[in-house]
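Enquirer: Each protein sequence line maps, in turn, to chains A and B.
For the record, in the first sequence the residue sitting at position 408 is 969 according to our numbering, with numbers rising by one throughout.
For the record, in the second sequence the residue sitting at position 5 is 9 according to our numbering, with numbers rising by one throughout.
Simulated from the structure, these hints should not be mistaken for laboratory data.
None of these values were measured; they are calculated from a predicted model.
We put the CB at the ideal spot given by N, CA and C, even for glycine.
Certain hints may be false.
[Unchecked claim] Result set (SDA-like, lysine to any residue): computed pairs, CA atoms no more than 20 Å apart in a straight line:
#1 A:1037 to B:10
#2 A:1037 to B:15
#3 A:1037 to B:25
[What the hints assert, rightly or not] Taking CB as the label site, the calculated pair distances span:
#4 A:1101 to B:45: 38 to 46 Å
#5 A:875 to B:32: 40 to 48 Å
#6 A:991 to B:22: 46 to 54 Å
#7 B:29 to A:1103: 31 to 39 Å
[As the list claims (entries may be wrong)] Examples of chain B residues toward chain A, derived with CB under 7 Å:
#8 24
#9 37
#10 39
#11 53
#12 55
#13 58
#14 61
#15 65
#16 66
#17 76
#18 77
#19 91
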Amino acid sequence: MSVQALTFIIVGLSFALYIGIAIWSRAGSTNDFYVAAGGVHPVANGMATAADWMSAASFISMAGLIAFMGYDGTVYLMGWTGGFVLLALCLAPYLRKFGKFTVPDFIGDRYYSQTARTVAVLCAIIVSFVYIAGQMRGVGVVFSRFLEVDIATGVVIGMAIVFFYTLLGGMKGITYTQVAQYCVLVFAYTVPAVFVSMQMTGQFLPQLGLGSTVADGSGEYLLERLDGLSVELGFHQYTEGLRDRLDVIAITLALMVGTAGLPHVIIRFFTVPKVRDARRSAGWALLFIAVVYTTAPAIAAFSKVNIFETLNGPELQGVPVEEAPSWVRSWERTGLIEWEDHNEDGRLFFSNDERNEMHVDRDIIVLASPEMAGLPNWVIALLAAGGVAAALSTSAGLLLVISSAVSHDLLKRNLMPGITDRRELLYARIAAGAAVGIAGYFGINPPGFVAEVVAFAFGLAAASFFPAILMGIFYKRMNSAGAVSGMLAGIVFTLSYIVYFKFINPDASTPDNWLLGISPEGIGTVGMLLNFAVALTVLRFTPDAPPEVQQMVESIRYPRGAGAASDH
Amino acid sequence: MAFESESHARAYWRDNLRLMLILLAIWAGVSYGCAILLVDVLNRFSVFGFKLGFWFAHQGSILTFIVLIFVYAWRMNRLDREYGVDEA
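For reference, chain A alone in the conformation it holds in the complex (with noise of 0.2 Å):
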């Protein structure tokens, strides 16, 4: 059968497994639409946690990022990890025992502040959205690739399928349905690296592959290989970095501390039964999400030692073009492969200097694999339905904090505090509605930034929510005009520098003009300091929370007697 037939039988396999759920979970309730009741078992709640924090940019774009950026790609391993430890550790255990639906119910509540809670909303909804049209973009990019439908048609599609499974479901049809689309991404990542793994180093699991010799019987390791062809190849040694350490360190932190700090990652911990739930379902969603971060590694090895001597030929000489492979041929008609003969020997070269023949796109390291290993057709079907799955869990998460934030905070915390629950799920209903299809426009007319502006994202949280949360679990006596003056000095910071250097004067944008040579990138931890700074200040000249406050800090401190969330 042809690529594009089993395509369309395992993406829509997929799409049947999830609005069956979907239909199976259906919410009555705003409790069952916001967090799913707080009845989801925490291994379930690990398994949708990895889905929802897994995008289509994680699934497709990172293993193709490491393999150009060597061990400097470490800046998302472990920043896209790291975060869990500070979120188990620091915050969801004690925003479970508080037991409200949302973050702004938590600032707005600790910090006995409308204000507060209005400056987290729109916290939350303008981080929520930069992410979800990136998202709306990649279910299009794998819907045109695979199904050789155009882009917008595509788009559509899964706006279709999230926008029916978010509103019947919530958090409930939600969480389930993630849990299928974890299984899906998981089996499309790992399957075909598995199979690369054997093939070149004779080792099951892709993990030890990594750190193993290479099966053609030179007794060479893989990545002593892969830096000598590297080097000879005129491209840094792929096991050592580029960047400047300071640099490296302030990305990883921003990306840690805004993984902590994303309210659609914190939202999930309010769906467990209990707090020993809340922290236990963080270990599970980290070693679920742990299966594709230690693979995206080796994924990322094998295949840029397959490209350079697929490309370049054992001898280093180029390979002939009528010799070349055939995946090298069918991804130069998407353009994600170009060759241009510049010495006209009729051999294709690749190399980082004047030799190099060719354009190579990152997004292929993942998206070729299988054919690069000569795997059959299902499996590049599979990977498909990996893809959609990976972006589609994803946008349903940030809808929910989208509706959960107009229809919850802003409409009955703020504006109609009367509302019915019945009322109030419709409201949450139409807002999500309406979030698709702002989403969707985007997804199909992109700004030119939003692929940018996603990574931001991180920055902006670790600059405004994270400092927040802390100090209201952890430092009792802090108030709301240092809660809130830190919250707008972080944002406003890392926001203009930001936006200074990408978008007003980008030609600037060199280390030289940096901070302390710190990237746009990793200023978010700088707007963290700010954060904690400016809030700590601010307290020495205002008086401390109010006692009551205090008392509800000290009541968040320990488990006994945490109910299911609420909105009492």
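Starting from the structure of chain A, add chain B where the hints point.
Expert: Leaving out everything else, chain B in the frame of chain A:
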């Protein structure tokens, strides 16, 4: 108040903070220490085909993070029971 006394409550919180800070120190030590600041030193050692610093940066740190969270959950759940503030 769920605790027997004020001092009981303070002791629980102190034990919680101590555990948290120890684990966070390991978290920072592995990621910012082994994988970034000490990477050149550790890269002089090899384990199987990995330079040690590189292994921490691409594999080891992530594995450590998982262990840290499960250790925290296990110790905290035990601490809750010792102080009688666990969920029934």
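Enquirer: Could you work out which of the previously given hints the structure breaks and list their numbers from low to high?
Expert: Violated hint: only 9; rest satisfied.
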